[in-house]
Amino acid sequence: MEELSARDVDVEEGLKKFKEGVELVKQCRSQLGEAENAFKKLQAELDADGKNE
1 MEELSARDVD VEEGLKKFKE GVELVKQCRS QLGEAENAFK KLQAELDADG KNE
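For the sequence shown, the residue numbers in my numbering are 1 to 53.
The set of hints was computed from the structure by calculation and includes no laboratory data.
One or more hints might be untrue.
Keeping only pairs whose Cα atoms sit at most 20 Å apart, straight-line, the calculated PhoX-like set for lysine-lysine is [stated by the list, open to error]: (1) LYS40 x LYS51; (2) LYS26 x LYS16; (3) LYS51 x LYS41.
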């Protein structure tokens, strides 16, 4: 982010870095979604096991 704030970064390089950041955000959101789904599945299994006892 500091690089983008510096005045010596050209527009093309700034745009490239911004696009890379957007792709990283997409990857992080995807991984977070997968982790949340796995957590929900495990929680549902625990809840079902608790009801069966």
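How the hints compare with the structure:
1. LYS40 x LYS51: holds, 16 Å
2. LYS26 x LYS16: Satisfied, since the Cα-Cα distance of roughly 16 Å is no more than 20 Å.
3. LYS51 x LYS41: holds, 15 Å
No hint from the list above goes unmet by this structure.
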